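Chains as they are written, first to last, in my numbering: chain A, 2 to 449; chain B, 2 to 449.
Check before you lean on any hint, since a few could be wrong.
Since the list can't tell identical chains apart, any single copy or any two copies may satisfy a pair.
[Said to hold, decoys possible] Computed list of lysine-lysine pairs in DSSO-like fashion (alpha-carbon distance at most 30 Å, straight line):
| id | residue 1 | residue 2 |
| --- | --- | --- |
| 1 | Lys-179 | Lys-73 |
| 2 | Lys-443 | Lys-137 |
| 3 | Lys-383 | Lys-438 |
| 4 | Lys-81 | Lys-129 |
| 5 | Lys-306 | Lys-197 |
| 6 | Lys-178 | Lys-73 |
| 7 | Lys-129 | Lys-113 |
| 8 | Lys-350 | Lys-179 |
| 9 | Lys-335 | Lys-306 |
| 10 | Lys-244 | Lys-267 |
| 11 | Lys-190 | Lys-439 |
| 12 | Lys-335 | Lys-268 |
| 13 | Lys-78 | Lys-129 |
| 14 | Lys-443 | Lys-10 |
| 15 | Lys-78 | Lys-247 |
| 16 | Lys-178 | Lys-373 |
| 17 | Lys-355 | Lys-197 |
| 18 | Lys-81 | Lys-194 |
| 19 | Lys-137 | Lys-10 |
| 20 | Lys-178 | Lys-81 |
| 21 | Lys-267 | Lys-388 |
| 22 | Lys-387 | Lys-306 |
| 23 | Lys-179 | Lys-194 |
| 24 | Lys-137 | Lys-355 |
| 25 | Lys-355 | Lys-439 |
| 26 | Lys-335 | Lys-439 |
To be clear, the hints were calculated from the coordinates, so they are not data collected in a lab.
Small disclaimer: the values here were computed from a predicted structure and weren't measured.
The lines below spell out each chain.
Number of protein chains: 2
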Amino acid sequence: MKDIEFIYKDALVSRDEVKETAGVLTSYIGHLSDISKVGKTAPYKIDYNEAGSSINLPFDSSILEMVNDAVKKVDVKNLKYIIVVGIGGSNLGTKAVYDSLRGALDPFFANKTPKIIFADTNSPKLLKDIRTVLEKNIEVSEEVLINIISKSGTTVETIANFEAIYAFLEERFEDIKKRVVVTTDHGSKLWEKAEKDGLEMLPIPQIVGGRYSVFSAVGLFPLALVGIDVTALLNGARVMHDKCVKEDVSENYALMSAVVLYLHNKKGITIHNSFFFNPELESLGKWYRQLMAESIGKRYTTDGKEVHTGITPIVSIGSTDLHSMVQLYLGGLKDKFTTFIYASGNSGKEAVPKNLVFPDLVEGIEGMEFAKIMDTIFSGVKESYKKGGLPFIEILFPQIDEYSLGQFLQFKMIEIMFLARLFEINAFDQPNVEDYKKEVRKILLSEK
Amino acid sequence: MKDIEFIYKDALVSRDEVKETAGVLTSYIGHLSDISKVGKTAPYKIDYNEAGSSINLPFDSSILEMVNDAVKKVDVKNLKYIIVVGIGGSNLGTKAVYDSLRGALDPFFANKTPKIIFADTNSPKLLKDIRTVLEKNIEVSEEVLINIISKSGTTVETIANFEAIYAFLEERFEDIKKRVVVTTDHGSKLWEKAEKDGLEMLPIPQIVGGRYSVFSAVGLFPLALVGIDVTALLNGARVMHDKCVKEDVSENYALMSAVVLYLHNKKGITIHNSFFFNPELESLGKWYRQLMAESIGKRYTTDGKEVHTGITPIVSIGSTDLHSMVQLYLGGLKDKFTTFIYASGNSGKEAVPKNLVFPDLVEGIEGMEFAKIMDTIFSGVKESYKKGGLPFIEILFPQIDEYSLGQFLQFKMIEIMFLARLFEINAFDQPNVEDYKKEVRKILLSEK
Numbered sequence: 002m003k004d005i006e007f008i009y010k011d012a013l014v015s016r017d018e019v020k021e022t023a024g025v026l027t028s029y030i031g032h033l034s035d036i037s038k039v040g041k042t043a044p045y046k047i048d049y050n051e052a053g054s055s056i057n058l059p060f061d062s063s064i065l066e067m068v069n070d071a072v073k074k075v076d077v078k079n080l081k082y083i084i085v086v087g088i089g090g091s092n093l094g095t096k097a098v099y100d101s102l103r104g105a106l107d108p109f110f111a112n113k114t115p116k117i118i119f120a121d122t123n124s125p126k127l128l129k130d131i132r133t134v135l136e137k138n139i140e141v142s143e144e145v146l147i148n149i150i151s152k153s154g155t156t157v158e159t160i161a162n163f164e165a166i167y168a169f170l171e172e173r174f175e176d177i178k179k180r181v182v183v184t185t186d187h188g189s190k191l192w193e194k195a196e197k198d199g200l201e202m203l204p205i206p207q208i209v210g211g212r213y214s215v216f217s218a219v220g221l222f223p224l225a226l227v228g229i230d231v232t233a234l235l236n237g238a239r240v241m242h243d244k245c246v247k248e249d250v251s252e253n254y255a256l257m258s259a260v261v262l263y264l265h266n267k268k269g270i271t272i273h274n275s276f277f278f279n280p281e282l283e284s285l286g287k288w289y290r291q292l293m294a295e296s297i298g299k300r301y302t303t304d305g306k307e308v309h310t311g312i313t314p315i316v317s318i319g320s321t322d323l324h325s326m327v328q329l330y331l332g333g334l335k336d337k338f339t340t341f342i343y344a345s346g347n348s349g350k351e352a353v354p355k356n357l358v359f360p361d362l363v364e365g366i367e368g369m370e371f372a373k374i375m376d377t378i379f380s381g382v383k384e385s386y387k388k389g390g391l392p393f394i395e396i397l398f399p400q401i402d403e404y405s406l407g408q409f410l411q412f413k414m415i416e417i418m419f420l421a422r423l424f425e426i427n428a429f430d431q432p433n434v435e436d437y438k439k440e441v442r443k444i445l446l447s448e449k
Numbered sequence: 002m003k004d005i006e007f008i009y010k011d012a013l014v015s016r017d018e019v020k021e022t023a024g025v026l027t028s029y030i031g032h033l034s035d036i037s038k039v040g041k042t043a044p045y046k047i048d049y050n051e052a053g054s055s056i057n058l059p060f061d062s063s064i065l066e067m068v069n070d071a072v073k074k075v076d077v078k079n080l081k082y083i084i085v086v087g088i089g090g091s092n093l094g095t096k097a098v099y100d101s102l103r104g105a106l107d108p109f110f111a112n113k114t115p116k117i118i119f120a121d122t123n124s125p126k127l128l129k130d131i132r133t134v135l136e137k138n139i140e141v142s143e144e145v146l147i148n149i150i151s152k153s154g155t156t157v158e159t160i161a162n163f164e165a166i167y168a169f170l171e172e173r174f175e176d177i178k179k180r181v182v183v184t185t186d187h188g189s190k191l192w193e194k195a196e197k198d199g200l201e202m203l204p205i206p207q208i209v210g211g212r213y214s215v216f217s218a219v220g221l222f223p224l225a226l227v228g229i230d231v232t233a234l235l236n237g238a239r240v241m242h243d244k245c246v247k248e249d250v251s252e253n254y255a256l257m258s259a260v261v262l263y264l265h266n267k268k269g270i271t272i273h274n275s276f277f278f279n280p281e282l283e284s285l286g287k288w289y290r291q292l293m294a295e296s297i298g299k300r301y302t303t304d305g306k307e308v309h310t311g312i313t314p315i316v317s318i319g320s321t322d323l324h325s326m327v328q329l330y331l332g333g334l335k336d337k338f339t340t341f342i343y344a345s346g347n348s349g350k351e352a353v354p355k356n357l358v359f360p361d362l363v364e365g366i367e368g369m370e371f372a373k374i375m376d377t378i379f380s381g382v383k384e385s386y387k388k389g390g391l392p393f394i395e396i397l398f399p400q401i402d403e404y405s406l407g408q409f410l411q412f413k414m415i416e417i418m419f420l421a422r423l424f425e426i427n428a429f430d431q432p433n434v435e436d437y438k439k440e441v442r443k444i445l446l447s448e449k
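The shape of chain A in the complex, shown without the other chains (with noise of 0.2 Å):
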């Protein structure tokens, strides 16, 4: 298997301050490596002790065995759809997989099924039009399965989509309880009760956070259900895993990346851009998001300081954000360290035709393969920020393949714990999300 590049070389910072920064981080990545020997003890039974932990996932096969057998009593082959309902760490995990492989126009193609509806926020439109394909297209129950993912088992929006999806398919489905898996966390009330209604289940590992939870029954469940290799997907993170514990810096991905991020958010650049090259990787952009937002955007330091810390994600797609976004790139405040994000190869044989209609109105192209157009405008992008002066590092996917994405997402998780060390926060909890909750709760209770 040919694994993901990184190159770093236009990271425009010196040597000598990587291995600074580095070196702070050389006990922390003890630590990792110490819970990966655990992780990988036969019979990779792991010890879930600590967040960080999540990162031997991948190594756990007792997780994959259950998944694989709650796959295996679901009839697959009349599944037309499954319906994720999720928020958050719940689902973008799954969707950032599930959308890279499938692409945008999937849903055109009804024939190809099993698909994913994806229910996250309380949309009564949403909620119309899903409610509308299970009528048009579902004719018996075995047709479609509800997965609920909460890890607390309280989200709002998650419920109340279930509450509603289900209603609407009991009227038609006696059964329709044979047809829902919930995914949540070990103990939680909802596992309570799903259990009690002797509903089919998968836990969640309490430790593990919603947003480094994609390698959990969260994400390989649905993604196994709809024949995406999960093994695959898993043997490129144990590999990315094994580089992304190492001490040297020039050879672990992940440190690079935090060790660079770092030392330009010091010098002012607040915002990281993840520009992706192949427009069907925009959720895996989605997922990293949210990772680096809910990990990095921190009001207090572990010691109680008052920080207010912080990186803007954002998420760009070539070529289509050239003609969108780039003036502001190229021309705008330099305020933006760029990850680009690219994949040249499995392209198939798409390309423009010999004999033009409209010959002459863009010089050279008769006759080029697609992916050899996007290799140049690619090419050309770079060279246009190296002039620009705008420091940019690269990640380069031999294909959008299972095993690259499991590469992938795995280093952006241990970029991210890396990244919150140096910042010195917390990189798995999210205390300010309690903010609005708050608010929303008076609110309810005012109008009672």
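Position chain B against the provided structure of chain A, taking the given hints into account.
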């Protein structure tokens, strides 16, 4: 018709600051108002002498007539797919309106035709999928129409996509030439070639820039073709236009919004978060993202002073991003100004059922309408912003329909013209886009 509302009480700016800054724009407002008087003189024939006159597109009845004539020539009943081949300003406005009205699940409703498929970037995966959709679902040429849209007529991605799609349709349909509509600048090379070939054509007024062209044939033709009420869209734009050429800042939404954005930027707030609480409005956010980024992200002032100015536009979706970005927004760096956009109306009666499968997990949601849940979350979020001292304004849609969308689009285009004036930069050019294009050309030449 109910108009959209604009609320600025939580903008955290003083009356005096606003008054002083708005005063700077008095003569420019007078100027826009003068242009608008030209536009409103019967028979609505506009003098397109300067870029800003794009604000008069909604008054130009000759455009609507031309578009309606072109629509009449198409056998809409049999039409299944319109392939809009265009990128940046050539498709973002169309996609904004289309997605806002159709929603994310539109492709699941195969019978709801005609549908638009957007071909923007040169993705091998996207092209292959478009080819497959057309191969599987199109039997006669009347079922498909290609609308190629390029202002200059020389956009690489657009020409490449068009040639590839045309070529594989030509293999199957002899008369495919009749299934093409070319939208381009009157007199461009593409225009001349299309004319020679006898293709159907629609002109873009040369002075109107791509990102200001949604009310020209660029947006109106494909939208009208799928049955969207473009007359209502233009009506909304006209009403908003009249508001936005008023001198009184408290009545002029565009002026107030621009002034507030400018004042916060002067205080170091460099990110503008457009936070939409209806997920179907995400593409509308992406349209605005281009409008702001290309117009405001400038290296030089109109006087030639090097400034590297700019506000980075980001787009958030409620409640989805409450589970992704809001930790950063509430806890992280205070570098963002937020515009909340929300339509509470036209929600139907989607609701949580009264009897729950999982009672007691979330208090008080039994029987609650989805719109009510979102209203509550929206209010809670605003409260948490107030308590955190985070500045915001609100744009409230009475419902999501053509009229409201027309208002919003016009509001934002005029806002950006005002904002550029305050920054003393050109709102209508994008000189640095040339930077990467130059590099692309160099690479192509060196490989010859």
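Now the hints, each set against the structure:
With identical chains, the CA atoms of Lys-179 and Lys-73 are at most 30 Å apart within one copy only, with a shortest distance of 14 Å there and 52 Å across copies. For a Cα distance limit of 30 Å, the shortest separation of Lys-443 from Lys-137 qualifies neither inside one copy, at 40 Å, nor across copies, at 53 Å. In this assembly of identical chains, the alpha carbons of Lys-383 and Lys-438 lie at most 30 Å apart only when taken from different copies (11 Å versus 42 Å within one copy). In the homo-oligomer, the alpha carbons of Lys-81 and Lys-129 lie at most 30 Å apart both inside one protomer (18 Å) and across protomers (23 Å), since each shortest distance falls under that limit.
In this assembly of identical chains, Lys-306 and Lys-197 lie within 30 Å of each other by CA distance neither inside one copy nor across copies; the values are 45 Å within and 71 Å between. Taking the shortest alpha-carbon separations for Lys-178 and Lys-73, only the intra-copy value of 17 Å comes in at or below 30 Å, while the best inter-copy value is 51 Å. With identical chains, the CA atoms of Lys-129 and Lys-113 are at most 30 Å apart both within one copy (23 Å) and between copies (15 Å). Only between protomers do Lys-350 and Lys-179 lie at most 30 Å apart by alpha-carbon distance; the minimum there is 28 Å, versus 44 Å within a single protomer.
Within a single copy, Lys-335 and Lys-306 get their C-alpha atoms as close as 28 Å, and across copies as close as 16 Å, so both meet the 30 Å cut-off. With identical chains, the CA atoms of Lys-244 and Lys-267 are at most 30 Å apart within one copy only, with a shortest distance of 26 Å there and 44 Å across copies. In this homomeric assembly, Lys-190 and Lys-439 come within 30 Å of each other (Cα to Cα) only inside a single copy, at 20 Å, whereas the closest approach across copies is 60 Å. In the homo-oligomer, the alpha carbons of Lys-335 and Lys-268 lie at most 30 Å apart both inside one protomer (11 Å) and across protomers (17 Å), since each shortest distance falls under that limit.
Taking the shortest alpha-carbon separations for Lys-78 and Lys-129, both the intra-copy value of 27 Å and the inter-copy value of 26 Å come in at or below 30 Å. In this assembly of identical chains, Lys-443 and Lys-10 lie within 30 Å of each other by CA distance solely across copies; the values are 22 Å between and 52 Å within a copy. For the identical chains of this complex, Lys-78 and Lys-247 are neighbours neither inside a copy (43 Å) nor across copies (63 Å), given an alpha-carbon limit of 30 Å. When the C-alpha separation of Lys-178 and Lys-373 is checked against a cutoff of 30 Å, the pair qualifies only between copies, where the shortest distance is 28 Å, while the shortest distance within a copy is 51 Å.
For the homomeric pair Lys-355 and Lys-197, the shortest alpha-carbon distance between copies (20 Å) is at most 30 Å, but the shortest distance inside one copy (66 Å) is not. Taking the closest pair of Cα atoms, Lys-81 and Lys-194 come within 30 Å of each other only inside a single copy of the chain (27 Å); across copies the shortest separation is 47 Å, beyond that limit. In this homomeric assembly, Lys-137 and Lys-10 never come within 30 Å of each other (Cα to Cα): the closest approach is 54 Å inside a single copy and 46 Å across copies. In this assembly of identical chains, Lys-178 and Lys-81 lie within 30 Å of each other by CA distance solely inside one copy; the values are 17 Å within and 38 Å between copies.
Both within a single protomer and between protomers do Lys-267 and Lys-388 lie at most 30 Å apart by alpha-carbon distance, with minima of 23 Å and 28 Å respectively. Taking the shortest Cα distances, Lys-387 and Lys-306 sit within 30 Å of each other only across copies (23 Å), while inside one copy they are farther apart (37 Å). Only within a single protomer do Lys-179 and Lys-194 lie at most 30 Å apart by alpha-carbon distance; the minimum there is 15 Å, versus 62 Å between protomers. In this homomeric assembly, Lys-137 and Lys-355 come within 30 Å of each other (Cα to Cα) only across copies, at 25 Å, whereas the closest approach inside a single copy is 43 Å.
When the C-alpha separation of Lys-355 and Lys-439 is checked against a cutoff of 30 Å, the pair qualifies only between copies, where the shortest distance is 24 Å, while the shortest distance within a copy is 62 Å. Taking the shortest alpha-carbon separations for Lys-335 and Lys-439, only the inter-copy value of 21 Å comes in at or below 30 Å, while the best intra-copy value is 37 Å.
Of the numbered hints given earlier, the model fails hints 2, 5, 15 and 19; all others are met.
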